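**Student:** Chain order of the listed sequences is A and B. For the first sequence, our numbering begins at 1 and goes up steadily by one. For the second sequence, our numbering begins at 1 and goes up steadily by one.
Do not take every clue at face value.
[Claimed, not checked] Per the computed footprint, the stretches of chain B lying under chain A, defined by three or more beta-carbons under 8 Å from a beta-carbon of chain A, are:
1) 42-56
2) 72-78
3) 202-210
4) 217-224
5) 337-344
6) 422-435
Read the hints as simulated data drawn from the structure, not as lab findings. The structure presented is a predicted model; accordingly, all values stated were derived computationally and were not measured. All C-beta atoms, glycine included, are put in the ideal place defined by N, C-alpha and C.
Protein chains: 2
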Amino acid sequence: MQNCHNYQIEHKDRFLNELFDLLRIPSVSADSTKNKDTAQCAEAVKNALLQAGCEIAEVCSTAGHPIVYAEKIIDPSLPTILTYGHYDVQPPDPLDLWTSGPFEPVVVDGKIYARGSCDDKGQMFMHVKALECMHATNSLACNVKFIIEGEEEVGSTNLGKFLEDNKEKLKADIVLVSDTSMISMEHPSIETGLRGLAYMEVEVTGPNRDLHSGVYGGAVANPITILSKMIASLHDENNHIVVDGFYDDVQELTTAERTALNTAPFVLEEYKSELGINNVWGEKGYTTLERTGVRPTMELNGIWGGYIGEGAKTVLPSKAFAKISMRLVPNQNSHKIAEIFTAHFNKIAPDCVSVKVTEHHGGEPVVTPTDSNAYKAAEKALETTFGKKPIPTRGGGSIPIIALFEKTLGLKTVLMGFGLDNDNIHSPNEKFDVVNFYKGIETIPYFHKYFAEMQSA
Amino acid sequence: MQNCHNYQIEHKDRFLNELFDLLRIPSVSADSTKNKDTAQCAEAVKNALLQAGCEIAEVCSTAGHPIVYAEKIIDPSLPTILTYGHYDVQPPDPLDLWTSGPFEPVVVDGKIYARGSCDDKGQMFMHVKALECMHATNSLACNVKFIIEGEEEVGSTNLGKFLEDNKEKLKADIVLVSDTSMISMEHPSIETGLRGLAYMEVEVTGPNRDLHSGVYGGAVANPITILSKMIASLHDENNHIVVDGFYDDVQELTTAERTALNTAPFVLEEYKSELGINNVWGEKGYTTLERTGVRPTMELNGIWGGYIGEGAKTVLPSKAFAKISMRLVPNQNSHKIAEIFTAHFNKIAPDCVSVKVTEHHGGEPVVTPTDSNAYKAAEKALETTFGKKPIPTRGGGSIPIIALFEKTLGLKTVLMGFGLDNDNIHSPNEKFDVVNFYKGIETIPYFHKYFAEMQSA
């Protein structure tokens, strides 16, 4: 393993430069005007996998953005690790809040600033470079397969069909994913659960056209006012979510589980100060770690209606819109929640407006086992490179595909993430610490080694 | 007067074409990128006034958009009519809802479609062409002065100073304004009151940056959710406005005044059907005519925050914004209401967010007398050309400058408007019926004639 690490040290500047090339491609999956860039990014990932040592690497067309598949089989009798990642990124808006261009990566104070630096190009690329290190130094301990998709940020719409169609090809022993975060470099951790997601868009229509607010105001329902009242009603005074049936399937944690969860290092004052807030907010009766990890939530991701330009316009608009998403916990189901939400939103609409509710992508919550060889191998790998046993945590985010791997391929996943919560993923100035990038490349080969040893034991 | 009308008939196609030239200039006062167009429009209005017969016409610079002043004094012993209008227009957004270009005027089914066709280029231009008709046929009965400003849609910021600085020059007997509407061509009417306006912009800030809604959602106040709750609280279950002290100065109407107001022709089913709504909305205890004419109101003119692009983005935004305006009735004061609103909005903000409130333009409510020569002259002029005595009504809109004319110049105003409520002013597909445009040009000379006769009687 020393050879492998020496190789990394020798080539580390090139590794960073190659990541920068990938970060320069604006592969925003939600923005159809960027489809060429997304396709170009898939091609770049394929080439990087070939260069790293894969024998097969291909760009597979889908009904949406392409999926990159690659493999290197060194010995069919050895275990196989299927690494999953994604090359697509979130939209960079609001652009004016970026200190440097979202697609012009720079290193400032040891941090790589760029959209996708952490989520997920930077983390995905650690696996590509770890493979190169292992391949170049003949230290590969497992067969490797890669699925790098281009639709993670828009709900992985076409990955399910790809898995179904390629069950044989994708046979493996474990799915390995680096698309989550750890508590800190001093407190390495492994996420053992992810929340599901239901993402809705609502449209409230009042009059059939924009009206003069002086001539009609006060007599015709204003869709912004009505939408605000409807949104306001969705959380009660204890910030519980008020949607009929929303909590019905929620699996409550045991007291022991809650206690364990709350042992993770967390300093409220630091949390508030880092976010610039005077006070936290959330569901009564739960701690911040519980609110972000194990409780279902509802967030307003966007709202718009009427005149939003410079100055003043006295308009009573015809329509108002909002994007509303819900994070789900075990046993909630995203489709059921989407239905429940739609029914509830229609029910609470007053008769002076009409509403339309549409569903964006969703995904199911997952909990990963901590008693498996894969988890233990990840634990030991992190302990080797960080000198400290990682803490199991529950992540607040969603990677809808994890539930699909289990359902379609019968595979468990290990979430070995090297990001940090303050990496500004989905925000302006997304960053990934250079040291985390290198630590990931160093740790991954140990996972391969320990997993091979434990599986053959 | 027959000569005057014959001249109009002879030149009516040219009059329409000249109006079209004016409508083609995108003189949007709220949009600073259109400053050149606004200046060009002022120049065009000046030239039109010279062409119509004014001896003096000048473009007067202000700290904002220029004011056009013009005059024709035929005999200092005759009464003087000061005609007010504005050449600036509302922003055309949302552009995609226009059937034809907002600055590409067309006549369809007898209606002129263009931004400003009714508000106020079309109505202002009636006075220019009426002057041409009177001048060309030697039928001018009064001296005429014109103030055509370029900031009516953004609060007439610089007109107050202009009036102060030019008191002597602006001496007149009455202010005549066509910037309001009548009930219908079958029910001519004259507005005898206008509401005031206080226009606020609010900003709610949660965390210091956009956050990932999975990582932080449920634990950090979402500014959209909080803003929605704050907006929702501003109207109670009876749709009364909930702002401490808001109604304190409202002058309630007498039962007789309310009864008179409600005699105006109004068919609720037609109103609803024309707007495409199932039900009206508004303050409990008041009719639709009262809600839009004599009661103060609060409207949400715009709202925005978070991701408003295509698809889905799981962001918990840092900020959310809204534009909120209030229409005021006699004795409310726009500055006091702006202060009250600001204090209230700050008071209701929870400690998990910070808020900023700024004031856009405002204006004071006015009531015009119905026992004056000017009102009687307008009444008789409309009766002459429509064959029916006009109904006095109260308008829901605001022309902040009317209160200023009285305060600074000591002049009363008569609001002789030829628009219709369904002219889509401030909305896409603004229109002005060709027949109303011509009827205005026909009626204005009668006002001049009757006003001169009554003043000298």
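**Student:** Hint by hint, note whether the structure agrees.
**Tutor:** So, going through the hints one by one against the coordinates:
1. 42-56: violated (count 0)
2. 72-78: Coverage by chain A is violated for the segment 72-78 of chain B (0 residues, Cβ < 8 Å).
3. 202-210: Holds: 5 residues of the segment 202-210 of chain B have a Cβ under 8 Å from chain A.
4. 217-224: holds (count 7)
5. 337-344: violated (count 0)
6. 422-435: It holds: at least three residues are needed, and the segment 422-435 of chain B offers 6 whose Cβ sits within less than 8 Å of chain A.
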